[in-house]
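Visitor: Chain by chain, the residues:
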Amino acid sequence: MTPSENWTPDQPIVALRDVHKSFGTFEVLKGIDLTVMKGEVVCIIGPSGSGKSTLIRTINGLTPVTRGSVQVEGQEVHDGNLDKLALRRKVGIVFQQYNLFPHRTVLQNVMMAPLLVLRENRKEVEARARELLAKVQLHGKENAYPAELSGGQQQRVAIARSLCMRPDVMLFDEVTAALDPETVGEVLLTIKQLAADGMTCILVTHEMGFAREISDRVYFTDAGRICESGPPASLFDNPQDPRTQEFLSKVL
Amino acid sequence: MLDLIAPYFERLYDTTGLNFSPFYDSYDWSRLLEGMLVSVKLIAAIVAVSLVIGVIGAGAQTSRLRPVRWCVAAYIEIFRNTPPIVQLLFFYFGLGAITPQVDMGGWYEPMIGSFGWAVIAIGIFGGSYNVEIFRSGVEAVPTATTEAAESLGFSNFKIFVYITLPLAFRFCLPALTNNIVSLAKTASLAYVIAVPEITYSLSGIWSDNVNVPEMMLLLFTYYIVLVAIIAKAMALLERKLALPGYGQ
Ligand SMILES: Nc1ncnc2c1ncn2[C@@H]1O[C@H](COP(=O)(O)OP(=O)(O)O)[C@@H](O)[C@H]1O
Ligand SMILES: [Mg+2]
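Protein sequences appear in the order of chains D and Y.
Every letter in the first sequence is one number past the one before it in our numbering, and letter 52, counting from 1, is 52.
Every letter in the second sequence is one number past the one before it in our numbering, and letter 93, counting from 1, is 93.
Hints are computed from structural coordinates only; laboratory data are not their basis.
Incorrect hints may have been included.
Unchecked claim - With a straight-line cut-off of 27 Å between C-alpha atoms, the simulated DSSO-like cross-links for lysine-lysine are: (1) D:K135 <-> D:K192; (2) D:K38 <-> D:K84; (3) D:K123 <-> Y:K158; (4) D:K141 <-> D:K123; (5) Y:K158 <-> D:K84; (6) D:K38 <-> D:K135; (7) D:K141 <-> Y:K158; (8) D:K135 <-> D:K123; (9) D:K141 <-> D:K38; (10) Y:K240 <-> Y:K158; (11) D:K141 <-> Y:K240; (12) D:K250 <-> D:K192.
As the structure is a computational prediction, the values presented were derived from the model and not from experiment.
Produce the complete structure using the sequences and hints provided.
Guide: Given below as structure tokens:
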């Protein structure tokens, strides 16, 4: 996916327009509009079951949409002619359950996709992988297997694994939800550094303090719709929609 | 080798009447070795065929074409629910009768001999179990793991080769070990279509020497040792492939 002819970096890097998604007769997304500019950090919050995971998965094409448009760098994601590989190298995703490859070491986990998918030079990939592992504070764990690491360490491997593909956009789906409280901080710190480096990030999170601190814009979703969005200060301190008010009164 | 043990077994025969003729008679010794060699070759070929069928069948079971899935299901039902000896006789006498003969320069031989039919019949029998074993292994691979590979740009083929297969193989190793051991034992049925494997060789020896109990003892010992070796080898493989920390 070369960026579409007329896409320029001052246009949204990710743009969802009227996105609908149904599983059978059950409509999970009921018309989502969302735009993200390059370098922006966007958080999606909302009660569980409101469609946040489904929403974020439509952005890298893991979940096909029923109706509407999802564009990444001006390219329609849900289009039969889409070059899936080109989309996947632009958009990285990190999951709640890390989903590392259990039969490969930490270093191999990070190197696999650039080697097998992009067919890049092994030396270069290894140097980059080691650098990324050091950056996420996993120096010395290169030869460990995923199951030998704590949840927080595994999640940082998963982040490094995505970053090794040199994506333009990173998606995070509740990446700290499965972690022990004491390891949540190290993962959030990693994401914070990434955001500070200018990476475009779209996060689904239940960490309200973190969302407020890191995001340029927060979206509140409920029952498949975006009820309210805005800069974190106004959304958290002065929510307008009664559903946002109710949700925040429960979680804050 | 034989020179070393021959005096002992000759004396054993003289003093007790226990006649382990292969251990002092060089002709019987060569018949025993030949039988063991054919038996091991036969088992290796059967296991290889059953593994190939297992992988292909497990793949075909996920086919989008209903008739393909249907055929695999029918194959499994038929070969798991009929006795392997009936299958062997069916292949050898049923299909063997209608396969063409080849000209060997003056005389004619069937295109597929008894060894070939034993490999085909028992391999297909074992394959019907392996399909189910591999399928359960593939099903045990979490979708989340293959999805992670998908989101990193892996093609379906690469996901299968680099993620699904290595994990599925590990998950199904214990069941696979059971089936391989079971196939090693079932391979002895090849005796009934005169494949010159161990039982057949020993039967030649005992009809010449009238030492049935001794040769039966030898046969038992052979299988006990063989199965122990297979089990040990599979246990080593399992340990080598074990994922550190996984499932603890
Ligand atoms: N593959 C699927 N098939 C059927 N229903 C699904 C599927 N994925 C999600 N859902 C349903 O969609 C709704 C939204 O799910 P999800 O996007 O995971 O919400 P959230 O991440 O906000 O908790 C849930 O009710 C869930 O049961
Ligand atoms: Mg979710």
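Visitor: Return the numbers of the hints above that this structure violates; sort them in rising order.
Guide: 9
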